[in-house]
Amino acid sequence: MPLTKQDVAGIAEYARIALSDAELDEMTDYMNDAIELLDPLLEYDLDGVEPTFHPIGELVNVTRDDVVTAGLSLDEALANASNVRDRAFRVPAILSGGDES
Amino acid sequence: MTSVDALSARQIAAGIAAGEFSATEVARAALDAIASRDNQTRAFLQVSEDLALTAAARTDAARAAGEALPPLAGVPVAFKDNMNLLGTRTTCASRMLESYESAYTATCVQRMLDAGATPLGKLNMDEFAFGSTTDSSAFHPSNNPWDIACVPGGSSGGSAAAVAAGEVTIALGSDTGGSIRQPASLCGVVGMKPTYGAVSRYGVVAFGSSLDQAGPLGRRVEDVALAMNALTAGGRDPCDSTSRHCEQDFLAHLDDPIEGRTVGIIPALLQADGLAPEVRVATQAAATQLADAGAHIVEVDLPNMANSISAYYVLASCEAFSNLARFDGVRYGYQEPGCATLAEQSSLSRAHGFGPEAKRRQMLGAYLLSSGVYERYYLAAQKVRTLITRDYQQAFAQADVLLMPVSPTVAWPHGAISDPAALYLADVYTISNNIAGNCGISVPVCLGADSELPIGVQLQGPAFADARLLTFARALERACQMEGAVAPSFAGRGGELR
Numbered sequence: 001m002p003l004t005k006q007d008v009a010g011i012a013e014y015a016r017i018a019l020s021d022a023e024l025d026e027m028t029d030y031m032n033d034a035i036e037l038l039d040p041l042l043e044y045d046l047d048g049v050e051p052t053f054h055p056i057g058e059l060v061n062v063t064r065d066d067v068v069t070a071g072l073s074l075d076e077a078l079a080n081a082s083n084v085r086d087r088a089f090r091v092p093a094i095l096s097g098g099d100e101s
Numbered sequence: 102m103t104s105v106d107a108l109s110a111r112q113i114a115a116g117i118a119a120g121e122f123s124a125t126e127v128a129r130a131a132l133d134a135i136a137s138r139d140n141q142t143r144a145f146l147q148v149s150e151d152l153a154l155t156a157a158a159r160t161d162a163a164r165a166a167g168e169a170l171p172p173l174a175g176v177p178v179a180f181k182d183n184m185n186l187l188g189t190r191t192t193c194a195s196r197m198l199e200s201y202e203s204a205y206t207a208t209c210v211q212r213m214l215d216a217g218a219t220p221l222g223k224l225n226m227d228e229f230a231f232g233s234t235t236d237s238s239a240f241h242p243s244n245n246p247w248d249i250a251c252v253p254g255g256s257s258g259g260s261a262a263a264v265a266a267g268e269v270t271i272a273l274g275s276d277t278g279g280s281i282r283q284p285a286s287l288c289g290v291v292g293m294k295p296t297y298g299a300v301s302r303y304g305v306v307a308f309g310s311s312l313d314q315a316g317p318l319g320r321r322v323e324d325v326a327l328a329m330n331a332l333t334a335g336g337r338d339p340c341d342s343t344s345r346h347c348e349q350d351f352l353a354h355l356d357d358p359i360e361g362r363t364v365g366i367i368p369a370l371l372q373a374d375g376l377a378p379e380v381r382v383a384t385q386a387a388a389t390q391l392a393d394a395g396a397h398i399v400e401v402d403l404p405n406m407a408n409s410i411s412a413y414y415v416l417a418s419c420e421a422f423s424n425l426a427r428f429d430g431v432r433y434g435y436q437e438p439g440c441a442t443l444a445e446q447s448s449l450s451r452a453h454g455f456g457p458e459a460k461r462r463q464m465l466g467a468y469l470l471s472s473g474v475y476e477r478y479y480l481a482a483q484k485v486r487t488l489i490t491r492d493y494q495q496a497f498a499q500a501d502v503l504l505m506p507v508s509p510t511v512a513w514p515h516g517a518i519s520d521p522a523a524l525y526l527a528d529v530y531t532i533s534n535n536i537a538g539n540c541g542i543s544v545p546v547c548l549g550a551d552s553e554l555p556i557g558v559q560l561q562g563p564a565f566a567d568a569r570l571l572t573f574a575r576a577l578e579r580a581c582q583m584e585g586a587v588a589p590s591f592a593g594r595g596g597e598l599r
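Listed in order, the protein sequences are those of chains R and H.
Okay, so the first sequence: first residue is 1 according to my numbering, each after it adds one.
Okay, so the second sequence: first residue is 102 according to my numbering, each after it adds one.
Please keep in mind that the hints were generated in silico from the structure rather than gathered at the bench.
C-beta atoms are modelled at their ideal positions from N, C-alpha and C, and glycine is treated no differently.
A few of these clues could be false.
As the list claims (entries may be wrong) - In silico contact screen, one side only, chain H against chain R (beta carbon under 10 Å); selected entries:
id, residue
1, F455
2, K460
3, G538
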């Protein structure tokens with residue numbers, strides 16, 4: 001069953017991408033075209049086939065010695081942020097209706 | 102007068118070592134070539150003149166002090182703009198990262214610099230590497246040097262165009278589903294996607310983490326092999342847990358004979374709908390040339406390859422959604438002003454920071470990872486990935502390398518294909534290689550009989566057979582007339598060395 005505009009609006013909310021009404025129409029068409037492209041996957045009988053999540057299947061638990069190495073300084077880490085206060089990233093209220101500070 | 106575009110990487114490094122010209126003269130010649138050519142190719146997003154002249158001065162000082170020079174000493178290189186380089190912005194050709202200053206240097210970039218290369222700047226791409234035209238760059242499209250009305254391919258279109266127009270000797274690109282090999286084919290240069298894990302991904306902005314691989318583009322197989330030496334020097338990168346030790350001398354076996362070795366062809370692929378006749382003819386001619394060099398041609402099958410597009414667009418979209426979730430406007434990237442809540446700030450920053458294709462891919466990924474849909478598509482795609490990998494194992498039991506087209510057509514005019522799903526289908530020859538984590542290379546073989554535009558053919562090898570792949574690529578290069586070719590309307594324009 002094709003996705004409806006309402007379905008796509010729900011996905012956009014989950015993906016945190018605000019879409020205008022016109023964009024939602026276009027996106028709905030695109031999503032349904034793209035999903036149709038995936039149909040061949042549904043024709044397989046995949047019982048007993050193990051999934052491959054990574055091309056280096058046998059590589060597990062890559063670790064290193066537990067030693068301190070240099071990372072970004074605080075100033076470097078904050079340098080690309082738009083809104084910084086008191087050596088921290090500053091964000092608006094997490095809950096709606098709250099105070100920004 | 103010699104233009105810098107006429108020289109190979111080895112000739113440039115040797116000329117500097119011998120005192121025929123200085124690294125600073127080479128850097129100035131490359132800057133001059135960029136100044137006189139890039140207004141038409143529009144391959145660059147940033148030209149790093151200061152970094153280039155500083156690096157060149159360091160090379161000249163090392164020579165003056167009598168030090169041995171590294172193998173890429175003074176060679177002009179540039180980097181796809183999803184690779185961090187301190188002192189430049191890393192924009193991914195997106196408004197989202199328009200003002201992002203690199204916080205560190207990517208390992209692949211650093212290794213090119215450690216090998217002595219001179220960094221000329223950052224190259225255009227499809228936004229966040231989503232695309233195969235470079236038209237989705239938020240800043241401007243790039244043009245194919247062989248016909249500037251046409252796309253250079255993508256997503257590493259700036260990398261391929263800069264090399265094809267002779268603006269730099271070597272460029273780095275990244276390849277998630279063909280994004281090095283396809284633009285290399287469309288622009289008539291050599292483009293290599295190394296084995297997954299051969300080159301560190303640290304500092305390359307992630308698209309599909311289990312598929313992405315950085316690699317070199319050049320006008321000669323030898324230049325690409327030299328770049329592979331640099332990229333793998335030092336072995337495994339502790340900053341990328343998927344990187345593997347792959348250090349070796351890729352030049353050592355470049356001119357080995359291919360007599361008695363086997364090249365697999367897949368007859369069904371050459372009969373596929375949508376394959377342009379001139380590309381079919383060029384691929385068949387390449388098989389004949391390899392046979393003339395003594396290789397045995399055998400027929401093999403990759404039965405699940407046609408469905409690799411379906412698997413790829415599930416895996417790549419899901420991984421992209423996961424990776425691009427980090428762009429919320431808080432720590433870096435575009436931030437929408439005046440928002441009352443964090444949720445509103447994220448949604449509007451992402452809505453106004455990302456272009457249409459970046460939004461489409463993330464929306465598709467978000468849907469495919471949602472509850473109930475995951476099992477139907479994502480898990481199925483990972484299982485089909487197992488089948489594709491098995492197909493390759495069986496094919497490589499019969500053949501040393503596989504030969505096939507790269508792109509079903511030569512370069513097309515800007516805007517000629519506007520349907521995103523139609524563009525996805527053009528990736529059919531390249532994406533299964535990423536799904537299996539193998540190595541692949543596009544080698545320019547001729548100009549199309551109908552179009553007079555470059556055609557590349559693809560060689561694919563098993564994982565960590567990158568040196569073998571280069572041997573076959575060199576054999577093909579020797580048989581063709583494209584080695585070192587600069588697009589005719591750009592060759593020798595500016596860039597004089599003395």
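The hints, checked one at a time:
1. F455: This hint holds: H/F455 lies near chain R, its Cβ roughly 7 Å from the closest one there, short of 10 Å.
2. K460: holds (6 Å)
3. G538: OK, holds: H/G538 within 10 Å of chain R, min 3 Å.
Of the numbered hints listed earlier, not one is contradicted by the structure.
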